[in-house]
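Chemist: Chain by chain, the residues run as shown.
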Amino acid sequence: MVFWALVIGAAVAVALLVILRLRIRSLATRSERALAFLAMGVVPCLWLLGMLGYTDHAMKKASFCVRCHEMQSYGESLLVDDDESLPAVHYRDGLVDRKKACYACHTRPGLGGIIEAKLKGLHDVKVHYFGEAPDTLTIHGEYPTSICLKCHREAASFQAGTMHQAMMDEILTGETSCLDCHDVAHELED
Amino acid sequence: MASLGNLLTTMPYARVIRCGVTAQIAGVLLMAALLFTKMPLLVLVCLPLGALLILVGALAWVWGAIWGCE
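Note that the protein sequences, when read in sequence, are chains W and S.
Taken in order, the first sequence gives residues 2 to 191; the numbers are from my numbering.
Taken in order, the second sequence gives residues 5 to 74; the numbers are from my numbering.
Looking at chain W on its own, in the form it has when it is part of the complex (with noise of 0.2 Å):
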């Protein structure tokens, strides 16, 4: 729906530009001028409005994460049927977004943390442009338990934790991560 709206919005604001490009000798009177408003004021900034918000959520979706062959087997991890797996259950069980998997557990919430992952982005396409990718991939930097709260601060089950209250503070602090006590990297098959 929404790709089909923007190839409509594509073509009929060539459409326009075209018509005015073609018109641009007579551009006196007023209907032209609302042409000229029209066709180079609002009709292209609407599409790119329209456009930044499709690529920024095609961008977020985990079947662009494993365009890059070196995702691909990290993309495949998620499918493994096996309850030890946290990465795997998250998504088997839809404890978060399928299509947005990946962007959903490797991103910080608030607007710091989609900055940081779009230059997070910007960095590994340019390692897989431009660089050597190593033959074990690491996150960058430490795995930040506020990921992990964005969802589970509030679960039952979570607060519920003997372990989870004893530490409460630490861990919503960022002092304890999560993963001291959770193995939540990707199974991956040899």
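Worth flagging that the hints you see were computed from the coordinates, not collected in a lab.
A portion of the hints provided could be inaccurate.
Stated by the list, open to error - Derived, one-sided and incomplete: chain S residues facing chain W with beta-carbon distance under 7 Å:
(1) Val-25
(2) Ile-29
(3) Ala-30
(4) Leu-39
(5) Lys-42
(6) Leu-45
(7) Val-49
(8) Leu-53
(9) Ala-55
(10) Ile-58
Stated by the list, open to error - Simulated coverage check for chain W against chain S, where a stretch passes if three residues somewhere in it have a Cβ under 8 Å from a Cβ of chain S:
(11) 3-11
(12) 14-23
(13) 141-154
All C-beta atoms in this analysis are idealised placements derived from N, C-alpha and C, irrespective of residue type, glycine included.
Assemble the complex: chain W is given as a structure, and chain S must be docked to it using the hints.
Modeler: Leaving out everything else, chain S in the frame of chain W:
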């Protein structure tokens, strides 16, 4: 020396608008490519370049609306 204001007001309206229209057509076509492919390098090039061209075109129209109208 001609100031920027003088330079802008003496530039033919139609020429500026024509350049803006051309930039916007190129920008829309460039960005429309992203509807059909999500190749990361293409996204990296087409998205900012297309957006820039469309905004340059919109600025040309703004210039025309402010200085170009007689």
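Chemist: Are the hints correct? Go through all of them and say.
Modeler: Now for the hints, and whether the structure bears them out:
{"no.": "1", "hint": "Val-25", "result": "5 Å, holds"}
{"no.": "2", "hint": "Ile-29", "result": "5 Å, holds"}
{"no.": "3", "hint": "Ala-30", "result": "10 Å, violated"}
{"no.": "4", "hint": "Leu-39", "result": "6 Å, holds"}
{"no.": "5", "hint": "Lys-42", "result": "6 Å, holds"}
{"no.": "6", "hint": "Leu-45", "result": "6 Å, holds"}
{"no.": "7", "hint": "Val-49", "result": "11 Å, violated"}
{"no.": "8", "hint": "Leu-53", "result": "12 Å, violated"}
{"no.": "9", "hint": "Ala-55", "result": "6 Å, holds"}
{"no.": "10", "hint": "Ile-58", "result": "5 Å, holds"}
{"no.": "11", "hint": "3-11", "result": "holds (count 4)"}
{"no.": "12", "hint": "14-23", "result": "holds (count 6)"}
{"no.": "13", "hint": "141-154", "result": "violated (count 0)"}
Hint compliance for this structure: hints 3, 7, 8 and 13 are broken, all remaining hints hold.
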